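**Student:** Line by line, the protein sequences are chains R and S.
Sequence positions in the first sequence follow our numbering and run 25 to 249.
Sequence positions in the second sequence follow our numbering and run 25 to 249.
Hints are computed from structural coordinates only; laboratory data are not their basis.
Errors might be hidden in some of the hints.
Since the list can't tell identical chains apart, any single copy or any two copies may satisfy a pair.
Claimed, not checked - Lysine to aspartate or glutamate pairs mimicking EDC-like chemistry, simulated, CA-CA at most 20 Å apart: (1) LYS232 <-> ASP143; (2) LYS232 <-> GLU134; (3) LYS232 <-> ASP133; (4) LYS232 <-> ASP194; (5) LYS232 <-> ASP180.
Fair warning: this is a prediction, and the values are worked out from it, not measured in the lab.
There are 2 protein chains.
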Amino acid sequence: MADRSLTVGVLGGTGPQGRGLGLRLASAGYRVVVGSRVPQRAADTVARLRDRYDVDVDAMSGGPNREAADSDVVIVAVPFDGVQPLIESIADRLRRKIVVSCVNRLGFDEHGPHPIPVDERSATELIAGLAPGARVVGAFHHVPAGRLADDAGAVDMDVLVTGDDADACDVVCGLADAIPGMRGVRVGPLRLSRPIEELTAVVLSVNKRYGTTAGVRLTGLPDDV
Amino acid sequence: MADRSLTVGVLGGTGPQGRGLGLRLASAGYRVVVGSRVPQRAADTVARLRDRYDVDVDAMSGGPNREAADSDVVIVAVPFDGVQPLIESIADRLRRKIVVSCVNRLGFDEHGPHPIPVDERSATELIAGLAPGARVVGAFHHVPAGRLADDAGAVDMDVLVTGDDADACDVVCGLADAIPGMRGVRVGPLRLSRPIEELTAVVLSVNKRYGTTAGVRLTGLPDDV
Chain R
25 MADRSLTVGV
35 LGGTGPQGRG
45 LGLRLASAGY
55 RVVVGSRVPQ
65 RAADTVARLR
75 DRYDVDVDAM
85 SGGPNREAAD
95 SDVVIVAVPF
105 DGVQPLIESI
115 ADRLRRKIVV
125 SCVNRLGFDE
135 HGPHPIPVDE
145 RSATELIAGL
155 APGARVVGAF
165 HHVPAGRLAD
175 DAGAVDMDVL
185 VTGDDADACD
195 VVCGLADAIP
205 GMRGVRVGPL
215 RLSRPIEELT
225 AVVLSVNKRY
235 GTTAGVRLTG
245 LPDDV
Chain S
25 MADRSLTVGV
35 LGGTGPQGRG
45 LGLRLASAGY
55 RVVVGSRVPQ
65 RAADTVARLR
75 DRYDVDVDAM
85 SGGPNREAAD
95 SDVVIVAVPF
105 DGVQPLIESI
115 ADRLRRKIVV
125 SCVNRLGFDE
135 HGPHPIPVDE
145 RSATELIAGL
155 APGARVVGAF
165 HHVPAGRLAD
175 DAGAVDMDVL
185 VTGDDADACD
195 VVCGLADAIP
205 GMRGVRVGPL
215 RLSRPIEELT
225 AVVLSVNKRY
235 GTTAGVRLTG
245 LPDDV
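Given these sequences and hints, build the entire structure.
**Tutor:** This is the structure:
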C-alpha cells in the first residue's frame with residue numbers, strides 16, 4: 025500500500041531518468057524534491073515540469089542534492105561515474121534512510137549497448153558499501169526515461185526490487201505500485217542486483233532492434249502482488 | 025517461421041530442462057534426439073515421455089550425446105560443470121552447427137539462488153570459445169523445467185535470444201515460437217548473454233518468494249515479432 029505521506033528526494037533529478045521518476049511520483053501524490061549539483065538547474069526543471077504537466081505546486085520542489093537527501097526515500101539517479109563522489113559527500117545524511125539505486129553502468133559502441141562490470145558486482149551494492157546504515161534498495165532500472173519524462177504515455181512494466189531490508193523493499197514496491205502501469209515485485213536480496221542492472225542493456229538493445237520502448241514483466245505471479 | 029524439417033539434438037536431454045525442451049519441441053513437430061552420457065538413460069527417458077505424452081514414435085529418439093550432436097540444432101542442457109568436458113569432446117562435430125546454450129551457472133544457499141560468475145562472462149560465451157566454427161546462440165535460460173517436463177501446463181514467456189549469427193538466432197526464435205505460449209525475441213549479440221543467464225537466479229528467487237512459476241515477458245514489442 026502506498027504511503028503518500030512519504031517525501032521522496034531524487035539525487036540527479038534533472039537527468040532524464042530522475043526527472044521522469046520524480047514527475048510520475050509527484051503525479052501519484054508524493055511530495056518530491058528534485059535534487060541537483062546545481063540547485064538552479066533543479067529549480068528550472070521543476071518549473072518546466074509544472075508548466076508542462078498538471079503537477080500540484082506543492083508536490084515538487086527543486087534544490088541541491090543535499091536537500092533531496094533529507095527526504096524519507098532518496099532515489100539515486102545520477103550517472104554511474106557520479107555515484108561514488110556524491111554518496112561519499114552525503115553518506116552521513118543517508119543513515120537509516122531508504123536509498124534507492126536505479127543506476128545502470130552501461131557502455132555504447134558500434135555493437136549497441138552493453139553492461140560494464142562493477143567491482144562491487146552492482147551499482148546498488150557499491151552504494152550500500154559507501155553509505156553505511158542506509159537501507160539500500162535496487163529498483164526502477166528499466167524505466168523508460170524518455171517515455172516517463174517527455175510524454176504522458178502509459179508504461180507497462182514490473183519494477184524488480186532487490187534489497188536486504190524487507191520493510192524498505194515494501195516501501196519501494198509501494199512507490200512503483202503508485203505509478204499507473206507499474207507493479208513492484210520483490211525479487212530477493214541485494215546480491216541479485218547485478219542481473220537486473222545489466223538487463224537494462226538487454227532492454228535498450230531490444231528497443232533499438234524493434235524500434236520500441238520495451239518493458240519487463242514477470243508472468244505467473246499472484247494477482248495480489 | 026518454424027522450419028519443421030530441422031532435427032534438434034539435446035545434449036544432457038535427460039535432465040529436467042533438456043527433457044522438457046525436447047518434449048515440447050517434439051510435440052511441436054521437430055525431430056528430437058535426446059542425448060546423454062549414458063545412452064540407455066536417454067532411451068529410457070524417451071520411452072517414458074512417449075508413454076506419458078502423446079508424442080509421435082518417430083519424433084523422439086535417445087542416444088549418446090555424440091549422436092545428438094549430429095543434429096541440425098544442438099541444445100546444450102548439461103549442468104555448468106559438465107559443459108567444458110562435453111564441448112571439448114565433441115567440438116569437431118559442432119562446426120557450422122547451430123549450438124544453443126541454455127546453461128545457467130547458479131548457486132543456492134540459505135539466502136536463496138544466486139548467479140555464480142563465469143570467467144568468460146557467460147556460459148554461452150564459454151561454449152563459443154570451446155567450439156570454434158559453431159554458430160552459438162543463447163536461449164531458453166528461463167524455461168520452467170518442472171512445468172515443461174512434468175505436466176502439460178501452458179507456459180507464458182518470452183525466450184530471450186542472443187547471438188552474433190543473425191540466421192542462427194532466427195532459427196532459434198523459430199524453435200521458441202513453435203512452442204505454445206513462448207515467443208522468441210532477438211536481443212542482440214552474444215555479449216548480452218550474461219544478464220540473461222544471471223536473471224535465472226532472479227526468476228527462481230521470485231518463484232520461491234511468491235510460490236509460483238514466473239515467466240519473463242517483454243512488453244511493447246510489435247505484434248509480428
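**Student:** Now tell me, hint by hint, if it's right for this structure.
**Tutor:** A quick look at each hint next to the structure:
no.: 1; hint: LYS232 <-> ASP143; result: neither (28 Å within a copy, 28 Å between copies)
no.: 2; hint: LYS232 <-> GLU134; result: within (12 Å within a copy, 39 Å between copies)
no.: 3; hint: LYS232 <-> ASP133; result: within (13 Å within a copy, 38 Å between copies)
no.: 4; hint: LYS232 <-> ASP194; result: between (33 Å within a copy, 17 Å between copies)
no.: 5; hint: LYS232 <-> ASP180; result: within (18 Å within a copy, 24 Å between copies)
Checked against the numbered hints listed earlier, the structure breaks hint 1 alone; every other hint is satisfied.
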